[in-house]
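Go ahead and model the full structure; you've got the sequences and the hints to work with.
Number of protein chains: 2
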Amino acid sequence: MRWKREGQDVTNWYLSTFSELLFEIESHLKSYLGGQPHIAPLFWEMVDYHFGWDRAGSSGDAPNLGGKRIRPLLLLLVARAVAGRSNHALPAALAIEMIHNFTLIHDDVMDESTERRHRTTLWKRWSTAQAINAGDGLYALGMGAMLRLRRHGVPADKTIAAMDLLLAACRATVEGQMLDISFEQRTDVTPDEYLTMIAGKSGALIEASARIGALLSSDDPAVIDAYGDFGLSLGLAFQIWDDYLGVWGEAARMGKSATSDIEGRKKSYPVLLAFQDAPADVQARLHSIYAQPEIAPADVEEVYDALEQVDAQQKTRDLIEVNFQRALAALDSADTDNESQRALRDLALFLVERAY
Amino acid sequence: MRWKREGQDVTNWYLSTFSELLFEIESHLKSYLGGQPHIAPLFWEMVDYHFGWDRAGSSGDAPNLGGKRIRPLLLLLVARAVAGRSNHALPAALAIEMIHNFTLIHDDVMDESTERRHRTTLWKRWSTAQAINAGDGLYALGMGAMLRLRRHGVPADKTIAAMDLLLAACRATVEGQMLDISFEQRTDVTPDEYLTMIAGKSGALIEASARIGALLSSDDPAVIDAYGDFGLSLGLAFQIWDDYLGVWGEAARMGKSATSDIEGRKKSYPVLLAFQDAPADVQARLHSIYAQPEIAPADVEEVYDALEQVDAQQKTRDLIEVNFQRALAALDSADTDNESQRALRDLALFLVERAY
Numbered sequence: 419m420r421w422k423r424e425g426q427d428v429t430n431w432y433l434s435t436f437s438e439l440l441f442e443i444e445s446h447l448k449s450y451l452g453g454q455p456h457i458a459p460l461f462w463e464m465v466d467y468h469f470g471w472d473r474a475g476s477s478g479d480a481p482n483l484g485g486k487r488i489r490p491l492l493l494l495l496v497a498r499a500v501a502g503r504s505n506h507a508l509p510a511a512l513a514i515e516m517i518h519n520f521t522l523i524h525d526d527v528m529d530e531s532t533e534r535r536h537r538t539t540l541w542k543r544w545s546t547a548q549a550i551n552a553g554d555g556l557y558a559l560g561m562g563a564m565l566r567l568r569r570h571g572v573p574a575d576k577t578i579a580a581m582d583l584l585l586a587a588c589r590a591t592v593e594g595q596m597l598d599i600s601f602e603q604r605t606d607v608t609p610d611e612y613l614t615m616i617a618g619k620s621g622a623l624i625e626a627s628a629r630i631g632a633l634l635s636s637d638d639p640a641v642i643d644a645y646g647d648f649g650l651s652l653g654l655a656f657q658i659w660d661d662y663l664g665v666w667g668e669a670a671r672m673g674k675s676a677t678s679d680i681e682g683r684k685k686s687y688p689v690l691l692a693f694q695d696a697p698a699d700v701q702a703r704l705h706s707i708y709a710q711p712e713i714a715p716a717d718v719e720e721v722y723d724a725l726e727q728v729d730a731q732q733k734t735r736d737l738i739e740v741n742f743q744r745a746l747a748a749l750d751s752a753d754t755d756n757e758s759q760r761a762l763r764d765l766a767l768f769l770v771e772r773a774y
Numbered sequence: 419m420r421w422k423r424e425g426q427d428v429t430n431w432y433l434s435t436f437s438e439l440l441f442e443i444e445s446h447l448k449s450y451l452g453g454q455p456h457i458a459p460l461f462w463e464m465v466d467y468h469f470g471w472d473r474a475g476s477s478g479d480a481p482n483l484g485g486k487r488i489r490p491l492l493l494l495l496v497a498r499a500v501a502g503r504s505n506h507a508l509p510a511a512l513a514i515e516m517i518h519n520f521t522l523i524h525d526d527v528m529d530e531s532t533e534r535r536h537r538t539t540l541w542k543r544w545s546t547a548q549a550i551n552a553g554d555g556l557y558a559l560g561m562g563a564m565l566r567l568r569r570h571g572v573p574a575d576k577t578i579a580a581m582d583l584l585l586a587a588c589r590a591t592v593e594g595q596m597l598d599i600s601f602e603q604r605t606d607v608t609p610d611e612y613l614t615m616i617a618g619k620s621g622a623l624i625e626a627s628a629r630i631g632a633l634l635s636s637d638d639p640a641v642i643d644a645y646g647d648f649g650l651s652l653g654l655a656f657q658i659w660d661d662y663l664g665v666w667g668e669a670a671r672m673g674k675s676a677t678s679d680i681e682g683r684k685k686s687y688p689v690l691l692a693f694q695d696a697p698a699d700v701q702a703r704l705h706s707i708y709a710q711p712e713i714a715p716a717d718v719e720e721v722y723d724a725l726e727q728v729d730a731q732q733k734t735r736d737l738i739e740v741n742f743q744r745a746l747a748a749l750d751s752a753d754t755d756n757e758s759q760r761a762l763r764d765l766a767l768f769l770v771e772r773a774y
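Line by line, the protein sequences are chains A and B. For this note's numbering, add 418 to where a residue sits in the first sequence, where the first one is 1. For this note's numbering, add 418 to where a residue sits in the second sequence, where the first one is 1.
Residues of chain B clear of chain A, computed beta-carbon distances all greater than 10 angstroms:
{"#": "1", "residue": "T538"}
{"#": "2", "residue": "V641"}
{"#": "3", "residue": "V740"}
{"#": "4", "residue": "R760"}
Mimicking DSS-like on lysine-lysine, the simulated pairs with C-alpha atoms at most 27 angstroms apart in a straight line are:
{"#": "5", "chain 1": "A", "residue 1": "K448", "chain 2": "A", "residue 2": "K542"}
{"#": "6", "chain 1": "A", "residue 1": "K542", "chain 2": "B", "residue 2": "K684"}
{"#": "7", "chain 1": "A", "residue 1": "K486", "chain 2": "A", "residue 2": "K684"}
{"#": "8", "chain 1": "B", "residue 1": "K448", "chain 2": "B", "residue 2": "K576"}
{"#": "9", "chain 1": "A", "residue 1": "K542", "chain 2": "B", "residue 2": "K685"}
{"#": "10", "chain 1": "B", "residue 1": "K542", "chain 2": "A", "residue 2": "K542"}
{"#": "11", "chain 1": "A", "residue 1": "K685", "chain 2": "B", "residue 2": "K542"}
{"#": "12", "chain 1": "A", "residue 1": "K576", "chain 2": "B", "residue 2": "K576"}
{"#": "13", "chain 1": "A", "residue 1": "K684", "chain 2": "B", "residue 2": "K542"}
No lab work stands behind these hints, which were simulated from the structure alone. Quick reminder that beta carbons are idealized off the backbone N, C-alpha and C, glycines included.
Dropping the structure here:
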């Protein structure tokens with residue numbers, strides 16, 4: 419997911435609003451990983467690099483945002499909203515952030531991405547093999563963090579239930595990623611199939627963050643479901659908003675080469691709408707445009723025209739809105755009123771860049 | 419690890435001696451994986467293929483040895499030796515087999531191996547990206563199987579302790595694999611470093627199999643340690659025996675091209691002994707021989723000469739024997755006498771191909 423508006427205001431709002439929890443996440447993540455037995459020095463070098471901890475000044479005043487830490491933040495805010503505290507849930511927050519990062523490391527290998535967070539990716543700097551290993555190791559470390567819930571007073575059976583949720587989310591994320599890759603070879607992916615894919619690839623871990631935060635803080639299934647539903651709908655809204663900006667965002671419309679998902683030939687939700695709903699002749703043109711290795715500027719305009727013909731911009735906005743409203747309704751259904759609950763609402767508004 | 423003597427006698431002995439448990443492992447592995455929710459059909463196709471379940475007749479009379487299932491067998495035999503039964507430990511046995519297979523799938527990507535168990539490897543048949551995903555998914559499924567120990571009557575805290583052991587073994591396996599890959603670029607790896615590497619890469623999961631089998635069946639730390647030590651020493655003996663056969667085994671000495679680890683330029687234990695202990699001029703020759711992309715037949719003979727000069731064959735045999743005797747001593751220290759305990763001894767003898 420992109421950090422849409424790179425502006426200082428946005429970053430400042432996020433950092434200042436959530437600084438306490440962001441500091442807590444960062445320092446515990448570092449000390450958890452630092453406290454593990456080391457066998458292969460390279461593994462730890464790669465982990466430090468990936469999290470941005472190798473940089474000078476990274477232990478300075480500001481949290482070092484080598485990643486936004488949205489998932490652990492969400493988990494801890496839900497715990498606070500439900501239980502009034504979050505220390506008991508901290509190991510799960512760290513676990514989810516590590517699992518998320520393992521998927522990023524492997525995704526970069528699969529997508530052959532050369533840059534992440536303005537730095538060379540692990541596979542590019544070391545090798546594909548060692549990046550696969552680094553991801554595998556972080557996977558185990560993430561799961562291992564979950565087991566520490568016991569030391570934070572979480573009962574053993576609840577710890578196991580939380581692990582079960584996290585593992586199911588891992589599987590959904592991996593299978594979503596498989597679908598995403600297999601879609602690249604296909605020209606007949608429907609918008610519905612696409613939504614199934616992102617529910618796994620992008621939604622599952624965000625849903626799990628909120629659901630686990632609630633599970634660790636309440637025994638009421640209705641409360642746990644409310645936050646789980648909130649997380650899933652928010653995750654979907656967030657991802658589709660990402661798709662929206664990739665086509666109609668400021669950077670995409672500025673015409674900067676290769677900044678838009680159209681130039682990048684990404685078959686995201688709006689494009690799939692056109693593939694599905696455009697008149698037959700336009701569909702045929704889309705197929706031949708997307709069969710090319712690169713999309714010429716004139717063709718890019720033709721794709722935008724096709725999107726306009728099927729009203730893709732409004733339909734995409736509507737789908738974001740539906741999911742966003744579902745998220746807020748689920749949040750409200752938890753029937754909680756406190757500072758953390760309001761912070762969750764603010765975080766949701768922030769993630770899809772509504773007024774905040 | 420190789421299946422050294424491909425002869426029918428060996429396979430028959432293994433299959434007939436352990437048929438009951440091998441059937442149990444295979445059928446439960448299949449039904450566990452088959453009973454999971456499916457998101458990406460490709461994932462399940464790849465899993466079926468990897469385990470050899472896609473082949474006609476695979477549900478026939480003989481267990482379909484798409485893999486030897488040594489680790490789950492070891493785990494269940496230890497459980498039977500200690501507790502007189504093994505059903506309670508079954509989920510852990512399945513978990514370890516899935517984790518082992520996830521490492522194989524990723525190793526094949528890293529090593530660019532095109533064949534496993536006489537079939538095209540996953541990455542070669544589908545793609546690197548999808549093979550990484552398939553491994554990642556199997557990782558989560560393996561961990562998920564561990565959680566099922568609860569349903570088999572294992573207390574929650576013991577389930578968590580078993581997961582902790584398995585996760586530590588995963589990390590050691592991954593870090594061992596990282597060392598192995600980084601060794602390829604180095605010319606100064608010592609035999610001791612090599613042993614650290616195989617203790618992780620090959621030993622950790624075998625140790626975990628035996629240790630978890632005992633942990634799930636006893637509360638006595640001495641018993642758990644005895645079987646854990648047995649597993650680790652056996653794993654080391656097994657791996658060094660593999661190295662031995664790669665250099666002096668029948669296939670290697672038959673002179674078949676590329677069947678020996680010398681022709682394959684593999685810097686296994688015996689070769690590292692020569693790199694360390696040979697006279698300076700011989701070491702220099704070894705360095706220049708191993709710097710070549712391929713090793714010419716005359717050079718192969720020179721490597722064998724260097725091995726003879728440092729008495730590498732006897733030293734390697736000695737190290738196998740030390741570890742093997744350590745394994746048997748650890749097994750005896752558990753002070754158990756029953757059919758399963760004797761089966762464990764037979765399995766150990768079988769794995770390093772001593773008299774059985």
